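Turn these sequences into a full structure, and let the hints guide you.
Sequence order for the protein chains is G and P.
Everything in the first sequence is counted per our numbering, starting at 18 for the first residue and increasing by one.
Everything in the second sequence is counted per our numbering, starting at -13 for the first residue and increasing by one.
By construction, these hints were calculated from the structure, which means they are not laboratory data.
Just so you know, these numbers come straight off a predicted model, no measurement behind them.
Among these hints, one or two may not hold up.
As the list claims (entries may be wrong) - Quick partial rundown of chain G residues pointing at chain P, CB under 8 Å, derived from the structure:
(1) Leu26
(2) Pro32
(3) Phe33
(4) Ile40
(5) Gly41
(6) Ile42
(7) Thr44
(8) Gln49
Stated by the list, open to error - FRET-style restraints, in silico, Cβ to Cβ:
(9) Arg119(P) <-> Ile36(G): 38 to 44 Å
(10) Ile40(G) <-> Lys120(P): 35 to 41 Å
(11) Leu35(G) <-> Gln139(P): 37 to 43 Å
(12) Val39(G) <-> Ala146(P): 30 to 36 Å
(13) Ser21(G) <-> Leu1(P): 31 to 37 Å
(14) Pro32(G) <-> Ala150(P): 45 to 51 Å
(15) Leu27(G) <-> Ser118(P): 54 to 60 Å
(16) Phe17(P) <-> Leu27(G): 27 to 33 Å
(17) Leu27(G) <-> Val9(P): 17 to 23 Å
(18) Arg98(P) <-> Ile40(G): 25 to 31 Å
(19) Phe24(G) <-> Lys91(P): 53 to 59 Å
(20) Thr44(G) <-> Ser118(P): 47 to 53 Å
What the hints assert, rightly or not - Footprint (simulated), chain G over chain P, 3 or more residues, beta carbon under 8 Å:
(21) 113 to 119
(22) 139 to 151
Heads up, the beta-carbon is just placed ideally off N, CA and C, and yes, glycines get one too.
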Amino acid sequence: MSVSAIFYLLQTYWPFLLIAAVIGIATGWYSQVEGEGKEGTH
Amino acid sequence: MNATPHIIESALLLLVAFLLGCVVGYFARRFSGRSAPAAPAPQATPLPVEPAPVRAPVTSIPAAETPPAAKPVPAGTARKKPAAKKPAPAPKAPKSQPLPDDLKKIRGIGPRIEAGLNSHGVYRYAQIARWSRKRITELDTHLTLRGRIDREQWVEQAKALSKAAK
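See the structure below:
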């Protein structure tokens, strides 16, 4: 996987990557257990 | 450039974007403070309040709770209002009774969950230490804990804290 291939893919498929990133953000956001991290000491 | 050889690369990039999004989303929520409002615990069915809760001693009764019948009533009319027979619920906890345990000492319990537990009558480590499987399931559902009681071993922690308190 060359750098040029990566740039090509980024240029061509960036909307899909953006969608994947948005889905990932939503997943990360809602995967957190309610109150965890705010209340727990772990 | 032929795109077909890049299927794997595309999939890898999508995966990387997704994983990066997961990390960003996780930390965004974690450090966003209270931007995500806590979902209220479902209260469809009232949970039985555990026996013998030790509440903080009430030093004064708010004026709103004082029934108007507390005023001097003529003897003949006193029986007309049954509420007048019991002026106000006197604080049941005498001063010698110990204060509620600090449930926040249990790892995983914070102020919000402690308040939720208090609303279900849980004030002491000993109460948590005695929780049955059914009770754990009930509280897990009502407080939306998603298995944290077992995962963070609240009962075991409460047993240890209860022993240490004695």
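Go ahead and decide if the range 54 to 60 Å is satisfied by the Cβ distance of Leu27(G) to Ser118(P). Holds: the Cβ-Cβ distance is about 56 Å, inside 54 to 60 Å.
Within 38 to 44 Å or not, the Cβ separation of Arg119(P) and Ile36(G)? holds (43 Å)
Hint check: is the beta carbon of Leu26(G) less than 8 Å from a beta carbon of chain P? holds (6 Å)
Given Ile42(G) was flagged as interface, is its beta-carbon under 8 Å from a beta-carbon of chain P? holds (4 Å)
Go through the hint on Gln49(G) and say holds or violated, using the shortest Cβ distance to chain P against 8 Å. Constraint on Gln49(G) satisfied, holds at 5 Å.
Mind checking the hinted window 17 to 23 Å against the Cβ distance between Leu27(G) and Val9(P)? Roughly 19 Å apart at Cβ, these two residues keep to the hinted range, so it holds.
Verify the coverage statement for the segment 139 to 151 of chain P against chain G, using a C-beta to C-beta distance below 8 Å and requiring 3 or more qualifying residues. Our answer is that it is violated, as 0 residues pass the Cβ test (under 8 Å) against chain G, missing three.
Go through the hint on Ile40(G) and say holds or violated, using the shortest Cβ distance to chain P against 8 Å. holds (6 Å)
Has the hinted range 37 to 43 Å been met by the Cβ atoms of Leu35(G) and Gln139(P)? 41 Å Cβ-Cβ, so the 37 to 43 Å window holds.
Quick check: does the Cβ-Cβ distance between Ile40(G) and Lys120(P) fall within 35 to 41 Å? holds (38 Å)
For the restraint on Thr44(G), tell me whether the closest CB of chain P is nearer than 8 Å. holds (5 Å)
Using Cβ atoms only, decide whether Gly41(G) comes closer than 8 Å to chain P, and label the hint accordingly. With Cβ-Cβ at 2 Å, under 8 Å, it holds.
When the structure is compared with the earlier hints, violations turn up for hints 2, 12, 13, 14, 20, 21 and 22 and for no others.
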